[in-house]
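Colleague: The sequence shown: position 29 = 675 (the numbering used here), numbered continuously.
Rather than coming from a laboratory, the hints here were simulated on the basis of the structure.
Where a beta carbon is used, it is the ideal one built from N, C-alpha and C, also for glycine.
One or more of the hints may lead you astray.
Within a straight-line C-alpha distance of at most 30 Å, the following computed DSBU-like cross-link-like pairs (lysine-lysine) qualify [stated by the list, open to error]:
hint: 1; residue 1: Lys714; residue 2: Lys730
hint: 2; residue 1: Lys770; residue 2: Lys797
hint: 3; residue 1: Lys874; residue 2: Lys797
Estimated spans, in silico, between C-beta atoms of each pair [as the list claims (entries may be wrong)]:
hint: 4; residue 1: Ala707; residue 2: Pro825; range: 33 to 41 Å
hint: 5; residue 1: Lys772; residue 2: Lys865; range: 19 to 27 Å
hint: 6; residue 1: Glu872; residue 2: Val774; range: 33 to 41 Å
hint: 7; residue 1: Arg740; residue 2: Ala796; range: 23 to 31 Å
hint: 8; residue 1: Arg756; residue 2: Leu890; range: 38 to 46 Å
hint: 9; residue 1: Ala707; residue 2: Glu882; range: 26 to 34 Å
hint: 10; residue 1: Glu658; residue 2: Lys772; range: 22 to 30 Å
hint: 11; residue 1: Glu661; residue 2: Lys865; range: 38 to 46 Å
hint: 12; residue 1: Gly892; residue 2: Gly777; range: 43 to 51 Å
hint: 13; residue 1: Ser826; residue 2: Pro785; range: 26 to 34 Å
hint: 14; residue 1: Phe856; residue 2: Ser826; range: 47 to 55 Å
hint: 15; residue 1: Gly892; residue 2: Thr755; range: 37 to 45 Å
hint: 16; residue 1: Glu889; residue 2: Lys865; range: 50 to 58 Å
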Amino acid sequence: MIVLDIQQRSDEWFEARRGKVTGTKLKNIYIPITKTQQCARHLDAGMSDEDVAALVECGKATVTKAKKQLEELGLESFDSGEKKIGYYELIADRVANDRTEEDPMARGTRLEPEAITRFEGEYKKKVVQVGICHREDNPNIAVSPDGLIAKGKIYPEATEVKCLSSARHLEAYFEKKIPSEYWMQVLQNFIVNDDLKKLYFIFYDPRVVFMDFHVIVVKREAIEKEIKLYHEYQEEVLKEIEELAGSLSA
């Protein structure tokens with residue numbers, strides 16, 4: 647073991663921890679492995695069913711299940727494919743040019759125009775920025791899109807921009823999915839705008855030089871059921887609120 651004689655929480659200490667798996671960071675990258683996954687790995691290495699059951703401390707049914715899946719789909723089918731955010735923080739420590747902390751909202755406001763300009767240049771589209779939009783038949787169902795793309799008198803395309811931490815930016819890039827906390831925002835764009843066919847969800851982080859800009863495209867046809875479900879839910883909730891508010895003011 648190598649001991650570094652530096653004061654904890656000093657600048658030197660933080661720099662020494664950068665990019666390393668520490669006790670604090672371990673919980674943010676470790677994903678528990680199920681007994682079925684453990685069985686599959688040992689079976690793939692050539693161990694007998696009996697030895698695997700004894701080593702993993704599981705029943706015969708678990709070993710049989712793992713063996714069948716291993717034979718039909720291969721070892722890669724046991725990989726959850728998920729990584730915790732700590733995994734991407736370690737990557738960000740290595741590839742991001744500047745990890746200086748900045749207020750996320752202020753940073754987003756500062757970088758959003760850059761992201762839109764980059765999008766317009768790469769996608770050859772003109773983005774119109776607006777304040778707020780609401781449904782024609784219900785002004786209480788609204789959204790504030792980061793940008794709209796016109797075609798005649800309608801807006802069949804829109805943009806949403808996120809300038810996240812480098813770790814979150816990399817997570818979205820490698821996993822090819824929009825973070826769950828922004829999914830309702832995506833749906834609301836389609837719920838409010840019946841003409842919307844395509845949403846460009848833009849990720850921008852100039853600190854990640856090799857992939858500072860990437861876009862996930864969401865098409866209405868792929869999420870029709872969700873759009874309908876959450877539209878109906880909002881209509882019901884707003885109706886309840888109107889009735890309750892009316893009874894209180896009567």
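Colleague: It remains to establish, for every hint, whether it holds in the given structure.
Modeller: Against the structure, the hints come out as follows:
1. Lys714 / Lys730: Holds - the C-alpha atoms of lysine 730 and lysine 714 are around 28 Å apart, at most 30 Å.
2. Lys770 / Lys797: Between lysine 770 and lysine 797 the Cα gap is close to 14 Å, so the pair holds against 30 Å.
3. Lys874 / Lys797: With Cα atoms ~24 Å apart, lysine 874 and lysine 797 stay inside 30 Å; holds.
4. Ala707 / Pro825: 33 to 41 Å: holds (37 Å)
5. Lys772 / Lys865: 19 to 27 Å: With Cβ atoms ~20 Å apart, the hint holds.
6. Glu872 / Val774: 33 to 41 Å: violated (26 Å)
7. Arg740 / Ala796: 23 to 31 Å: violated (42 Å)
8. Arg756 / Leu890: 38 to 46 Å: holds (41 Å)
9. Ala707 / Glu882: 26 to 34 Å: Cβ of alanine 707 to Cβ of glutamate 882: about 44 Å, so the range 26 to 34 Å is violated.
10. Glu658 / Lys772: 22 to 30 Å: This hint is violated: roughly 49 Å between Cβ atoms.
11. Glu661 / Lys865: 38 to 46 Å: The hinted range 38 to 46 Å holds for glutamate 661 and lysine 865, with Cβ atoms some 44 Å apart.
12. Gly892 / Gly777: 43 to 51 Å: Violated - the Cβ-Cβ distance for glycine 892 and glycine 777, about 29 Å, lies outside 43 to 51 Å.
13. Ser826 / Pro785: 26 to 34 Å: The hint (26 to 34 Å, Cβ to Cβ) holds, given that serine 826 and proline 785 are roughly 28 Å apart.
14. Phe856 / Ser826: 47 to 55 Å: violated (25 Å)
15. Gly892 / Thr755: 37 to 45 Å: Since glycine 892 and threonine 755 have Cβ atoms about 38 Å apart, the given range 37 to 45 Å holds.
16. Glu889 / Lys865: 50 to 58 Å: Violated, since glutamate 889 and lysine 865 (Cβ atoms, about 36 Å apart) do not stay within the stated range.
Against the hints set out earlier in the document, violations occur for numbers 6, 7, 9, 10, 12, 14, 16.
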